[in-house]
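Visitor: From just these sequences and the hints, can you work out the full model?
Number of protein chains: 2
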Amino acid sequence: MTARYKADTAVTSDWKTKRIMRDGKVRIGVVAPASRLEPVLADKVRQLARAHYPDRPPDIQFHPQCFLSSGHFAGDDEARAAAFLEVANDASFDALWIGRGGYGSGRIAERVMAGLTEPAGKKIYLGYSDAGALLGALYKHGFDGAVHGPMPADINRESGEVAVARALSFLVDGATDTLEPTVSPSTKTAAFNMAVFSQLLGTPLQPDLTGHILMLEDVSEHMYRIDRAMFHITSNPAVRKVAGIKLGRCSEIPPNDPDFGQSEEEVVRHWCGVSGIRYLGRADIGHDIDNKIVPFGRLRTLHNNP
Amino acid sequence: MTARYKADTAVTSDWKTKRIMRDGKVRIGVVAPASRLEPVLADKVRQLARAHYPDRPPDIQFHPQCFLSSGHFAGDDEARAAAFLEVANDASFDALWIGRGGYGSGRIAERVMAGLTEPAGKKIYLGYSDAGALLGALYKHGFDGAVHGPMPADINRESGEVAVARALSFLVDGATDTLEPTVSPSTKTAAFNMAVFSQLLGTPLQPDLTGHILMLEDVSEHMYRIDRAMFHITSNPAVRKVAGIKLGRCSEIPPNDPDFGQSEEEVVRHWCGVSGIRYLGRADIGHDIDNKIVPFGRLRTLHNNP
Numbered sequence: 001m002t003a004r005y006k007a008d009t010a011v012t013s014d015w016k017t018k019r020i021m022r023d024g025k026v027r028i029g030v031v032a033p034a035s036r037l038e039p040v041l042a043d044k045v046r047q048l049a050r051a052h053y054p055d056r057p058p059d060i061q062f063h064p065q066c067f068l069s070s071g072h073f074a075g076d077d078e079a080r081a082a083a084f085l086e087v088a089n090d091a092s093f094d095a096l097w098i099g100r101g102g103y104g105s106g107r108i109a110e111r112v113m114a115g116l117t118e119p120a121g122k123k124i125y126l127g128y129s130d131a132g133a134l135l136g137a138l139y140k141h142g143f144d145g146a147v148h149g150p151m152p153a154d155i156n157r158e159s160g161e162v163a164v165a166r167a168l169s170f171l172v173d174g175a176t177d178t179l180e181p182t183v184s185p186s187t188k189t190a191a192f193n194m195a196v197f198s199q200l201l202g203t204p205l206q207p208d209l210t211g212h213i214l215m216l217e218d219v220s221e222h223m224y225r226i227d228r229a230m231f232h233i234t235s236n237p238a239v240r241k242v243a244g245i246k247l248g249r250c251s252e253i254p255p256n257d258p259d260f261g262q263s264e265e266e267v268v269r270h271w272c273g274v275s276g277i278r279y280l281g282r283a284d285i286g287h288d289i290d291n292k293i294v295p296f297g298r299l300r301t302l303h304n305n306p
Numbered sequence: 001m002t003a004r005y006k007a008d009t010a011v012t013s014d015w016k017t018k019r020i021m022r023d024g025k026v027r028i029g030v031v032a033p034a035s036r037l038e039p040v041l042a043d044k045v046r047q048l049a050r051a052h053y054p055d056r057p058p059d060i061q062f063h064p065q066c067f068l069s070s071g072h073f074a075g076d077d078e079a080r081a082a083a084f085l086e087v088a089n090d091a092s093f094d095a096l097w098i099g100r101g102g103y104g105s106g107r108i109a110e111r112v113m114a115g116l117t118e119p120a121g122k123k124i125y126l127g128y129s130d131a132g133a134l135l136g137a138l139y140k141h142g143f144d145g146a147v148h149g150p151m152p153a154d155i156n157r158e159s160g161e162v163a164v165a166r167a168l169s170f171l172v173d174g175a176t177d178t179l180e181p182t183v184s185p186s187t188k189t190a191a192f193n194m195a196v197f198s199q200l201l202g203t204p205l206q207p208d209l210t211g212h213i214l215m216l217e218d219v220s221e222h223m224y225r226i227d228r229a230m231f232h233i234t235s236n237p238a239v240r241k242v243a244g245i246k247l248g249r250c251s252e253i254p255p256n257d258p259d260f261g262q263s264e265e266e267v268v269r270h271w272c273g274v275s276g277i278r279y280l281g282r283a284d285i286g287h288d289i290d291n292k293i294v295p296f297g298r299l300r301t302l303h304n305n306p
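Residue numbers (the numbering used here), protein chains in the order written: chain L, 1 to 306; chain P, 1 to 306.
Derived from the structure by calculation, the hints contain no laboratory data.
Treat the hints with care, since some could be wrong.
Now the stretches of chain P that chain L is said to cover, found in silico as 3 or more residues with beta-carbon under 8 Å [said to hold, decoys possible]: (1) 64-74; (2) 179-188; (3) 192-203; (4) 233-241; (5) 257-264.
Predicted, not measured: the structure shown is a model, and the values here were computed from it.
Glycine included, each C-beta is placed from N, C-alpha and C at the ideal position.
Guide: Here is the structure:
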């Protein structure tokens, strides 16, 4: 797997420079590399953006691919990869916002990496959960704009507007109050869903997280699967070079039969102990409306809310 | 991770030599590195063995650890590892039979590998599903007796006696009619549950399967998870060196919402195509009573049914 374009990490140390701000407007392209979106969701998100920024609403373009359907996916692999590349390689977009999780980002990651061109290096890529396969791959390939954070589909959660507004505050204003508290210009960070990260290990998509604080969250997994994922993650020699692990929220855990006998924090502490990785406490991320922003790598300069 | 004892692969080319056959009896030790067994199951298995071999019933010893309970597991990690080592390192046992799957073998694999001594190299290790974490680790560490096949707990399936009797025929007689049809002295093979194998990738437990026919089966996984596991497995550079993949049965697949749009065979064909791995058709393995025997590595000399 060879990227046609490898971002020069020295070029953009300030995310503000990634934003073109033509007519004072930030331009955001939404694509769906995994599951599809309903068109009404796009309307809701644009409406929220107008309410949140009445004087300078961001220009949010939902790529038509978001609404395609092909079995499990929002269009077949070719359509999803093409839409991602169309937005990523278009210099008129400041950010590529992943519309929704589900499953499918990993399927197109190699194809996407091979098709990225120069404008892709000047963009912020925002998403989480399944999107971690693409965010991790982007970071692995030297792109410094991969960011864990809320997605348009979060608007369907109860009070989900809070999460989507947080993402917009980050994308439009670079508001520092959107960030997970660990994040700082002096700390390298990364955030992943456990199951998604586990399935990147030992593949060319696995990013080098040496010296990073690795935040992990999960949803809808039995406790034995959380344990198995942590066994897998902490057994990986490269992962053992992280600065430490912080545990995000593990939600909607189905009942274990018999009871697993340990909480998710006990499980993570156990595997950190076995592997010699530092356990650094809880992270403010998860599949919920409180999910905070975590950049892959160091925080670049951001502006406070104006 | 360093094994105290590394099997000399030149020592035992004939499984028959692994069996001591004192008084004409094969001696089998059962341990439970994952979920616990009910004592009544042990009775049923011994009864079946007596019926199957009235003149020379194998001596089947269920280690008391099989019946321990610690949350999800048949005793804590220390108890399960200790029982495994006790049987593995005891020269009076010809075979170590893993009692049941579930989850837990991977948790103790590093500890077990570090504690194996010389008699462990002269033994057959039989199991499947979660047990694959230990079988794969044994094979990785140079032990030539790891074998995929039915376990005592299979007796609880409808007509499960067929599966357990097959395992006994293999352990006692080395009967060739118990073998998956691909297995031969000239072919290197390995068999894994997809989810279990996936969670060994990129860890020190991942065995080198260069030139092997890799058989994969799964149970109770959504089709998108089968797809994700195959994405993971076929993206691993070392796995791409296998001679080919054969697909066992994928059973009890929960409904995918929306419908995934591809069968498990289409999924495996897809990922073999993407990765350049040969797809070699179906394998006669799975979570069912027809599950056949597959040695890790080449078939050593076996005797037909007497």
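Visitor: Each hint: holds or not?
Guide: Cross-check of the supplied hints:
1. 64-74: Check passed, 4 qualifying residues.
2. 179-188: Violated: only 0 residues of the region 179-188 of chain P have a Cβ under 8 Å from chain L.
3. 192-203: holds (count 6)
4. 233-241: holds (count 4)
5. 257-264: With 5 residues closer than 8 Å to chain L, the region 257-264 of chain P meets the three-residue bar; holds.
This entry does not satisfy hint 2, going by the numbered hints stated previously; all others are met.
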